[in-house]
Each structure stands twice: as C-alpha cells, then as structure tokens.
Amino acid sequence: MRGAAAAAKAVDAAPALLSVEGLSVAFDGEHGPVRVVDDVSFTVAPGETVAIVGESGSGKSVTSLSLMRLVDYAGGRIVGGRIRFKGRDGRERDLATPPAESLTDMRGNDIAMVFQEPMTSLNPVFTIGDQIAEAVMLHQGLDRKAARDEALRMLEKVRIPEPARLLDRHPHQLSGGMRQRVMIAMALSCRPSLLIADEPTTALDVTIQAQILRLIRLLQDEMGMGVIFITHDMGVVAEVADRVVVMWRGRKVEEGTVERIFQAPQHPYTKALLSAVPKLGALRGQDLPVRFPLLVVDDAKAEAAPPAPPPVQDTVRAADAPLLEVRDLTTRFDVRKGIFGSLKARVHAVEKVSFAVRPGETLALVGESGCGKSTTGRTIMGLQSATSGTIRFDGVDTATLDSNGQAKLKEKIQYIFQDPFASLNPRMTVGFSVAEPMLVHDYVPTSKPGLSRRRAVEERVAELLTQVGLKPEHARRYPHEFSGGQRQRICIARALACDPKLIIADEAVAALDVSIQAQIVNLLMELQAKRGLSYLFISHDMAVVERVSHRVAVMYLGQIVELGPRRAVFENPQHPYTRRLMAAVPIADPSRRTRDLRLLTGEIPSPIRSIGDEPAVQPLVPVGEDHFVARHAVGGDF
Amino acid sequence: MTTTDATGVAAAATHEAVRSPLREFWRKFRRNRTAMAAGFCLLALVLAAAAAPWIAPFDPAAFDYDRILEGPSAGHWAGTDAYGRDILSRILWGARISLSVGLLSVLLGGGAGVALGLIAGFRGGWIDSLIMRVCDVLLAFPGILLAIGIVAVLGPGVENVIYGVAIFSVPVFARLVRGSTLSLKRAVYVDAARAIGVRDRLLMVRHILPGTLPSVIVYVSMRIGTSILTAASLSFIGLGAQPPSPEWGAMLADGRSYIGVASHVTFYPGLAIFLTVLAFNLLGDGLRDALDPKLR
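These protein sequences, in sequence, are chains A and B. So the first sequence is residues 1 to 638, counted in UniProt numbering. So the second sequence is residues 1 to 296, counted in UniProt numbering.
Quick caveat, the hints were computed from the structure, so don't treat them as lab data. Where hints are given, some of them may not hold.
As the list claims (entries may be wrong) - Derived list of chain B stretches under chain A, where covered just means 3 residues or more per stretch with a C-beta under 8 Å from a C-beta of chain A: (1) 179-189; (2) 192-203; (3) 206-215.
Ideal Cβ positions, reconstructed from N, Cα and C, are used throughout, including at glycine.
Next up, chain A with everything else stripped away, as it sits in the complex (with noise of 0.2 Å):
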C-alpha cells in the first residue's frame, strides 16, 4: 500500500496525464439547459489514483463521461472548460473541443472505461473470448490468431482461473465478478494510460468488491496508469484513492489527498459526508446499537454543531416471551427443465433457519446475495410458501390459522422492501398507498371520538407522514414526486399504519445514498425507541448492521452459520465466513488499510443442488452467553 507521501511524490514528479479546468456541462431541461456540472477542475498523474465522491446527483458520473466525451450521446455538451490529456504519443491535446466522433481513436485505447453494471456492458451472444479479441484487434490491429492469444493473456493477467476455458463461455455463464474481470481485462487489452472506474463493484457482493479492488490496484502497479474511481462508497474511497475529489450539486467543494480528506475536513459538506458514513468498528465495546451522531449541512453556509451524543439503543425486553420464532425453516425451489417441466434440481434457499426474535429487538440477518436471506423474510411475510419448519409469532403458530388469522397477521408483520420507488404503486396518490393497510384490515385508528371512519383514516396518514418527517399535505401527491429517501420513508409510514409489532426490512437502506441511508436508519431506530418495534433487519452490508442490530445471524449457502450478540459476533467472529465476510468490508478510514487480505479469494458457490443431494446442516453449538456458531466447512475451514 502506498502512502501520502508516495502519491505526493507521484503528482510532483510527473507532468499531469490529465488535467481538467473549469469543466462545465449542460443538459436540456424542459425549462431551458440545466448546468449538471459547474466549473470543476482536477488533474490526474500517471500511476495515481483520483477518487470522485458524492451522492447521486452530484455530477460525478457526468464529469467521468465527458472526459471520453461520451457525455455528447447522452444529451450533455461541454459549455467551457479543457480537458488536456497526454496521449500515448506524448503529444497534449484538449479533449473537450473537438467532435465528439473525432475521439473515436482515444476511446478504449488511450483511455478505457469500466461501468457498473458487468452484465449489460458485455454483449450476450457473443464469447466472452471473441469480445475481447474484438477490442484488441480494433485497437492493435493484430490478426484473430494473435488476437486470441491477447485475450488470454489478458484473462490471466485478471487472474481468471482456467482462463483458456473462459474464453469459449457466453457472458451469462459468468457471475457478476468474473464479468466484471472480464471487463476489466478488455479495459486493459490496450494498455491504457488512463483507466476510469464508474462504480464498478457497487453491483457486486462485498467480498468479490474486495478482490476487484485489490486486482484494480495491482493492475494499475503492474501497468502505471491513471486510474478515476467514480464511487459514491467512502470505504471504497479510503481503500484505494491516493487523492479525493468531492463533488456537491455539480461543484467540486473539497480536494485533498486521502488522509487529509478523512481526518480533517474543511467544508461542511464532506463533514456531513463522513458523518453518515457507517464504519466498521465504530461500536466496539458497545453492547447497544447507536444511531448515528449526524451533522446536518443547510446549503453549505451553516455550520451545524456536533449533535449531542445520540442515546444507546435499549429497547429489547428480554423478559418477554420471543415475539418471532423460526424453527428449522425450510425453503425450497425446483427447478424444471425440458418440455415436460421434469424436475431437475432444486435451489436450497434457505436450509434449517432457526433463530428468535425478542420484542424490541433488531435482529440482523446478514450475508451476500444468495445467501437466502431474502427469502427468509419472504416465507416468514407469508410471500413464499415453506418447505418444512415452523413460524411463530405471537406464540401461534402460523401454519395452524385460518385465512382471517394469516390477514390479521399480515397486520402485524410489516414488510419494507428494498427499492421504495418500485415497491409503491405508481398510479396511486402516497396517501392512499399510506392508508391501504388500513382500509385492507378494516383498521380503525384510534382517534378523537365523532370522527367519521373516512377522516379518522385521513388523520392518521397526515399523523403517520409527520412521524416520518414528511408532511401531510405531502398525501395529495404521487410516488414519481419525491426523491429516494423520501419514498423509503413514506413506505415506513405505510409499514407503521396499523401499528405492527414486527418490521422486516429487506435491505431497506440499500439503494439510499449514504446520507439519506443514515437518516433512515436512525429514523427506524427512532420509532423502535418510541413504539418498542422488533425488527427483522436483512442486510449485506455489515457496517449498517452495526449500526442497528442487538443480535446478528450471518447467512451463507441458506444456512445460518453463526448467531448471537453484536458485539460477540463483530468483536469475537467464530466462523470463517464471518471473519471473510469483515475482512471484506471496506473501511472508511485510510489508515486502516492493512486488512488481511489473504482472506478474499474464491466464488460465492450456487445453492443449486441435483436432486437427493441435500446440504449437510450442522448443529449451532453455544461458543459464549447466547453466541452459537455452526461448526462445519460451509463457507471456510474449519
């Protein structure tokens, strides 16, 4: 890893590759041209890596496709500022003059890209080796027997295991980070000397962002080229930026290298920024979730005091009896193949679950995409049908009630999504989505006597949309009328309409940029402290989960691995997965670089399995007060 110092060094010995000066571009509103971009000027040495940071809107993205003016297809245009980049011939010249078409030559040769989403940026009906032979042939000129014999040592050079047989695959059967190693690899293909980086690990599982940060570094040593990082992810930042660019509102507000950034700060902007950024190990020797101490910004001007330290988070009555218990829940689904749908294989989602939820207590289920975690909180809402297990709530057992009874616990299990947008019926107003659970169980909100059913419920939606920090005119309106955050909390107000004694948030702060996804999670914690809510917390990301959780149960394969106390499972993690999984998670703090990253290697294996071939489940056997850990080679050695 390299420090400031060395970076510093970089920058002062070499001319800039790419420097960037007053870079201002403009898109076509329905009110006349919107500045997207506003005067940012930045420059980048050979071998350096500069990070551009800030939430969605803030113009980063925009600022990365104008350097390869790739901005002119989408309906931007540069209006003033230069672009001087070094080319491979050493020759400078302004990229933001010319015709977009003239660049065509620099695009993917001097200059590569790499984007977020692996799966739509490769095309499908062609091999993943011809692709790449593609590129190489278009850029070097070389024959398709050479050409060949390119991709594959680009295939290795991304450390693709048996890259020869890779090469004959379609795109589909790649996961999501093998494809972006392909990506990666035809990025490179022509030796770039810059490469820009556009959020690409934000679409993949934290431990293979781990490997494709580590693999984007060592490329860039091997190779000495320039790298952009366009992320909105702090951790990510601090793991691999030398400098950091923030932008807000399409200015730049604060440069500076990455430790500078991080320690101290100057506009309140990039304050609020790292305050809402969850860290890992922010809690140690904290028993109790915290809410996030957050610093408001109001338009750049005030600087907002350091908040009084929010209280700990105790609000789980141990006493009672569990509110929720899962016992050796099952899920299953089968895969059919061939025109008479025989059975072939069955997905083994979720594989013996059990586990308890407390009244006000937040449990997290924790793990990487097809884990199973989804699907657990899916089958306990009722949205997928069990294979085998038992689902108490309340001390009922749900499998024995009637239809009247599954609707009356449909109203006391709530359910938040992870996309709020989708998750709302766009066609109807946000009050009438808000009331709906009402009107569904016939609910009728306490109120001040004399008031008709019609306006009680009316009441209660203005009430419920206060609660949330909305306000109730805001009912009148439609989904498409308000910004992500806002959305998400107007599906919690939903969530609480019928006052439920059990939320299941699946990933509910996932698709929130930072900031809003502190305030959403403090909001929950919040109402959890007002109406002593329990919460089934689903979650991948492990810094969030710190944040909210009394206890922790970590998924892997459909099985749980390990469960009990936050504290115990972040501070003393018994599973190897566990451990792999921390390891993964990128801090948000550069001087804590030095993660084992001996860790991370490998693939998230299917839980496909061929029929009669069942998973071996072991038991959780007790390793301290209330922490049980599943001792067995699932996910790691033991």
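Once you've looked at the hints, dock chain B against the given chain A.
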C-alpha cells in the same frame, strides 16, 4: 445534505400542482398536434352523428326521383344516389350506425378480453392454458373470415355484426392484457400490497388492472377503426346493415353498380370510412406516445 432529501424536493413539491398520472398524460398528449387534430375531427364527427336529425339537410330515406344520381351541387353537397336520396344526409345518419357498431363491439370484445387476459395472466396454470389456447384458435382465423362465420351463423343484421366483430376482438385484448399482467404481477409494489394483506381479487382490480389500462386504451382507439372497417365490409357483402339503412358499407354496396357513371355515390361514403379509420389510428398513435412508459 439533508436539504437534498427532506426539504429540497418537498419544498418544490408543496408549491407545484399535484402531478397526477392523468395530468402528466394530458401534458404530453397536448403537444402531439396530429393526434389532437384527429381527436377534434372525431369529436366533431360524434357531435354531428348525435345531431344528425337536426343538421342533416334531407331525410336520409326520402326518395326524389327527379334528382337521381346527381353530382355534388349547392342543394346536395355530396350529390344524390340511385333513388335521389341525399348522400350527405345518409353519411351523417350512417355515422351513428358505424360509430356505435365500432364502439360497442370494441367495448364488448375489449371488456371480455381484458377480464380473460387478467385472469389468465394472474392465475396462470391450467386456466391460463385453456384461455390462451382458445384465443390461439380464434386468432388462427383471418379476422374478417371469423366475423363472416359468426354473422352467417347468427343471421345478418347490425346487432349480429357487433357480436361478430366483438368476438374477433376478444383474443387480441386477452393476449395484450395477459402480457402486461404477467410483468405487473412480478412488480415489487404488487408484492408489497400482498405483504400488507391485500387479497387476490382486490389485488387484480386495484393494483394490476390500472397498470394494463394504458395499453388497453391505445388498443381500443386503434381497434375501433378496424371494427368500423370490418363492419362496413360485412355490410358491403350484404351480411350487415340491410338496405335502406344508410350504413357506410351498405352505401358503398349500393353505389357499386354506378361507379362508372356516378362515382360520387361510392366516393363520399368511402371517404367517410377512410377518414374515420385514419383519425382513430392517429389518435391511437398519439395515445400510445403519451401513455407508453417506455417512450417517456
């Protein structure tokens, strides 16, 4: 930074008018001049048809043997036919028949098709297979042939033409709605509604049906044009409206013998059919542009 979330958009939202889906649709549709013009033409035609008893210059059935097959003149703007009847008046009265046949058959067929498509898409399984296989069979016939067959069985007449044309609209709507139901069924907000305990029937009617309506509305407008054309064709071959009814297709059939000596007898009813069908199609195109979420 809370400004971007809690206050920024909210402040904007409180001062602007509510952007309801209907309002958004109107905002987009208004900008499409062609579709607006088509809409106005159709509105004028509907009003003219409704007001036919008062605005038609002559009785559409009154014979005038002094003015047989006369060309357009100041007295008879569109001329007269073989019995001296005023063609303009007959077209105005005929609009009543043609429009109501088009509208009623599409509403009947569309209504049944939407219901079947919704059930097939939502329930799936054998119900889906049954409904869709029957639709496949109906679609295997050329539309007009199917309508001829149905009218031949039921007997000629305007009412049976409506049934015939309606039946051949059913599978088209069923397929359309089944397709969008299948995709809407997987929408997260449908899962969300299910999670709060909304039962299947309400789920279909409240959360899935409104989502299919935009494409249905577009199709209705296109389909009315087709239905008018089919109904006119049936009348032309003598299976639909019977003489002396001033149905447009029947008028074409009446004028067929005189096409060499008095082409206006076929020209004006033909023009009426052409313009009406064109207007419905243009309106449909405009509706699609304004309603289709993919084009936003």
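Structure-based check of all given hints:
Figure legend: the segment 179-189 of chain B, annotated as covered by chain A; annotation consistent (3 residues with Cβ-Cβ distances under 8 Å, at least 3 required). As drawn, the segment 192-203 of chain B meets chain A at 9 residues by the rule of a beta-carbon pair under 8 Å; at three or more, the given contact holds. With 3 residues having a Cβ less than 8 Å from any Cβ of chain A, the segment 206-215 of chain B passes the three-residue criterion, so the hint holds.
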